[in-house]
Amino acid sequence: MSDDLITLTIDGVPVSVAKGTLVIEAAKQAGVLVPHYCYHPGLPVAGVCRMCLVEIEKQPKLAVACAIQAAEGMVVNTQSAAAKSARTSVLEFLLINHPLDCPICDQAGECELQDFTFQEGRAATRYSPEYPKRFNPVEDFGPDVLYVPNRCILCTRCVRFMEDVAQEPVLNVSERGDRAYIGVHPETRLDHPWAGNVVDLCPVGSLLSKDFLHKARAWELDKSASVCTGCSQGCNVTLDTRENVVVRVRPRPNLEVNRYFICDHGRMNYRWMNRGDRIEAPLVQRGGELHATDWQDAFERVTTVLRGAGGRVVTLVSPRASTEALFFARELFRGGGLDWTGAFQVVMGEEAPLAGVPDLALRAERAPNGRGAELLGYGREYAAALAAAESAAVVLVLDEPDIPVRTAGTLIYVGTVLPERARDAHVVLPIANVAEEEGSFVNRDGRVQRYAQAKTAPGMARPAWWVFSELGAALGQGEPVGSAAEAFERVAQAIEPLRGLSYEQLGFGGRPAAVPAAV
Amino acid sequence: MGYPHKPHPKETVLLSRYFGEADARTYKGWVKRGGYAALEQARAMEPARVIDIVKESGLRGRGGAGFPTGLKWSFMPKEKKKPHYLCVNADESEPGTFKDREIMRWTPHALLEGTAIAAHAIQADVAYIYIRGEFTEPLAIMEKALTDARSAGVFGDLKIHLHRGAGAYICGEETALMNSIEGKRGNPRIKPPFPAAAGVFGMPTTINNVETLAAVPPILTKGAAWYKSLSLSSPKSTGTKLFSVCGHVQQPGNYEVTLGFPLKDLVYELCGGMRPGRTLKACIPGGSSVPILDRAETESCLLDYEGVVERGSMLGSGGVIVFDDSADMVYQIMRLARFYAHESCAQCTQCREGTAWTTKILERILAGQGKPADLDLLLDLAENMTGKTICVLSDSCAAPVVSGIKKFRSEFEEYIAGRRQPVLVA
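First to last, the sequence lines map onto chains A and B.
Residue numbering for the first sequence is 0 to 518, as defined by numbering that gives the first Met the number 0.
Residue numbering for the second sequence is 0 to 425, as defined by numbering that gives the first Met the number 0.
It is worth saying that the hints were derived from the structure and are not from the lab.
It cannot be assumed that every hint is accurate.
As the list claims (entries may be wrong) - Over the 12 Å line for every Cβ pair with chain A, so calculated as not near, a few chain B residues: (1) T25; (2) G152; (3) E298; (4) C344; (5) K359.
Stated by the list, open to error - Simulated crosslink set (DSS-like; lysine-lysine; CA at most 27 Å straight-line): (6) B:K54 <-> B:K227; (7) A:K18 <-> B:K80; (8) B:K235 <-> A:K18; (9) A:K60 <-> B:K370; (10) A:K27 <-> B:K190.
Stated by the list, open to error - Chain B is faced by these chain A residues, among others (derived, beta-carbon under 10 Å): (11) H39; (12) P40; (13) V47; (14) C48; (15) S88; (16) F92; (17) D177; (18) R270; (19) W271.
Cβ coordinates follow ideal geometry from the N, Cα and C atoms, glycine included.
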């Protein structure tokens, strides 16, 4: 065994962990979740809630698993009578001033105070109902954060996040003893671009998102692994949907990318996924108007155009499109002596780093897949591409609703919503958005990351990779692909930096592609 | 009893020898009394030698924990790689304790000299004297003394800062004190790391109580063997100690006796005993944080680290609180609990919630609305508040409750049974 590994026993299970590992983390490796509140792997250790008390052999007092490093030969017992009784007592103490207003609390169902109380709390309190509970009014902390002090258990995760991770220490513990509460600096607001993370970090319903306030009960939500489309960082997120509507975006831990956090821009960047004005069927031009049709008719129209096309072809794509879609859109025009130009444009914004985490920021480039588009041969010379489009034989646009395209040739528009400019398109094909399909992006550092489908697409809309793959097959370019995984396999075969990668390999944490990172 | 007054013949005046002499406060007056000779002596020695002498003397921390001082100094890195700090705990806030105040009021240079010797021993560049915020007079005296001694050049390269606290009891806890010096909220830190590894500003730090440091100069001038010989009972407890006596005695005040001195003699002889017609009921021997002794325990208790433990309590800071038979122990214990509830820093759950809950139950018992189950509940809460938190404030709240219920249970039961006139507490 390596010198850097130490072996200890937790609840009878031997585990080997790296030197310096905290007992609470070692326990996870042994399959034991030690109940805790103040501890969070993304924050400095506080050791204040005292919930993770465990018994360690040969130590006279119970120890907090979050503040003790695992040691060779250590024998930890999380289930001893003394440890359990100490934790039961902490829960009782935490609840004496807690309002128990779970029926109207957003956190209910995903509340660690509920969970651990069910697990090892007392059935009833011994705190006399005659004693008043601490009461403080709800406070408006910032643009999206409300503080409900009555529910607060003073774990200080929010304080430590703002102090050590955001490095804008606007929160503190005010007052002492059982009068204590979380205070916000009187001259500031909790408006840091990453402040919303305090809501996720709060183990109870004390810090709430105004955006999500009373929107859904936790148990009604379906959760899907996804990737944020807010910028080129590629933060891993979970899309929470309720009855086919995305209602919340939360960070999904990925130590290589975003650790446990996402920025507020990304957090709020979901309403467009629920747009009601979607293209629900393929549309074709007839008598100067677009008319709904079926996929077969639409495909025939498109293939007729493409077969007859010669000379210049321009493809304008959205950097929000999946790598798979971008690949198959590109493949349509490969060969045949066509003069193909592919381009994309990225909306730019202000960069907002999270100071305490290296290489993590809301990036200026506000699109998730610019890197993927580049990898597939699309360029950033957007104005030139627009100019070229004017005289092109065919212009294919992939989901750019604000596109100022004019062309003398044939316009084929593939998108989620129908922009005014696309009304004279020859054919319009409806596609799914990021929440409605499976796919992958390549982030700014060249990391390939998958996202899963969170809701169903409206009407006849289908994933863009499916649309282009079917069109390719109709043009005789080989068999169409039946799944996103298969689509990615084709990409990986054709594109050198992605060679050897597969969905299975990517998992939901992603893998770096063999590309140099963006500067 | 205020100073000046003649010491009781049974006192051993070492630290309090010059209490009451205004001239001793001045730099010249202190030098005239042999002051700063010990510092000069120490400076001529290797730091390790100073530590050895203090080790040999048997001096133990006078702030409460009684940790051997020389040993504590020896924990500092021998090879100095980072700046070393010395913190002087002058945040004397323990209810019933007022000895450091008198040392600073009357012999500020004794503290400064001890500080400079300790700084030499641990190779500290900077010393912070953290003075309780309410101590306005001692602060002014210390400021003057520091300025005078500094201009006389006695400290060499050592920088000594006076840092005034802002009124939080918890800042007397050593790591909370360091946070407070750093400008942070005075919350105790998790240990390890211990101060000798990472103390104030994350640097190797030693922290000593005022009385401990004031005892260092005479140890150097008169020798470790002499100091060690000052012991009336246990050889592990050497030297003299100031006891602050308050409560129901005829002459409350500070008394300096050799360790091992009978508590009974302190109360009945030095302090003049109870008021006429009253008898001793109970005594808290070491500041409000230690278990209460009943009469028999008090009268058989020897005042040294081991002797008080034998009677089930602790020597603590030497704050002796005496109760005669007029004392309502339920009320007294409620007042203590309320103090801790007020002063809890709010970090640890058991302390934040437990001290307040305990107070509420005690208030309710006093109000005549207690329930028979309350006593067991109090004991169970106390059990859950002991040994489970970062610092011992929570334990300190539990100690008098547990010993109080154990020794004076009938008083609690009388309130609960409605046999005592309820007390409405504000």
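Checked hints:
A cut-off of 12 Å between C-beta atoms confirms that B:T25 is not in contact with chain A; the least separation is 40 Å. For B:G152, the non-interface assignment is confirmed: its Cβ lies about 41 Å from the closest Cβ of chain A, beyond the 12 Å cut-off. No Cβ of chain A comes within 12 Å of the Cβ of B:E298; the nearest lies about 32 Å off, and the non-interface call holds. Chain A draws B:C344 into its interface by the beta-carbon criterion, the shortest separation being 6 Å against a cut-off of 12 Å.
Not every beta carbon of chain A lies more than 12 Å from that of B:K359, the smallest distance being close to 5 Å; the non-interface claim is violated. With a C-alpha separation of about 10 Å, the suggested pair B:K54 and B:K227 falls inside the 27 Å cut-off, and the hint holds. A hinted pair counts as satisfied when its Cα atoms are at most 27 Å apart, and A:K18 with B:K80 qualifies at roughly 25 Å. For the given pair, B:K235 sits about 39 Å from A:K18 by alpha-carbon distance, which is inconsistent with the 27 Å threshold.
The hinted pair formed by A:K60 and B:K370 fails the criterion: a straight-line CA distance of about 32 Å is larger than 27 Å. For the suggested pair A:K27 and B:K190, the alpha carbons sit about 24 Å apart, so the restraint of at most 27 Å is met. Checking A:H39 against chain B by beta carbon gives a least distance of about 16 Å; that is not within 10 Å, so the hint is violated. Violation of the interface hint for A:P40 is found here, the shortest Cβ-Cβ separation to chain B being roughly 17 Å, above the 10 Å cut-off.
The restraint placing A:V47 at the interface with chain B holds, with a minimum CB-CB distance near 4 Å, inside the 10 Å limit. Annotation: interface hint on A:C48 holds; nearest CB of chain B at approximately 6 Å, less than 10 Å. Annotation: A:S88 was flagged as interfacial toward chain B, and the flag holds, the nearest CB pair being 4 Å apart, inside 10 Å. Proximity of A:F92 to chain B holds as hinted, the smallest CB-CB distance being about 4 Å (cut-off 10 Å).
A distance limit of 10 Å between C-beta atoms decides the matter here; for A:D177 the minimum to chain B is near 4 Å, and the interface restraint holds. Because the smallest distance between the Cβ of A:R270 and any Cβ of chain B comes to about 39 Å, over 10 Å, the interface hint for this residue is violated. Here the hint on A:W271 is broken, as its CB sits about 43 Å from the closest CB of chain B, past 10 Å.
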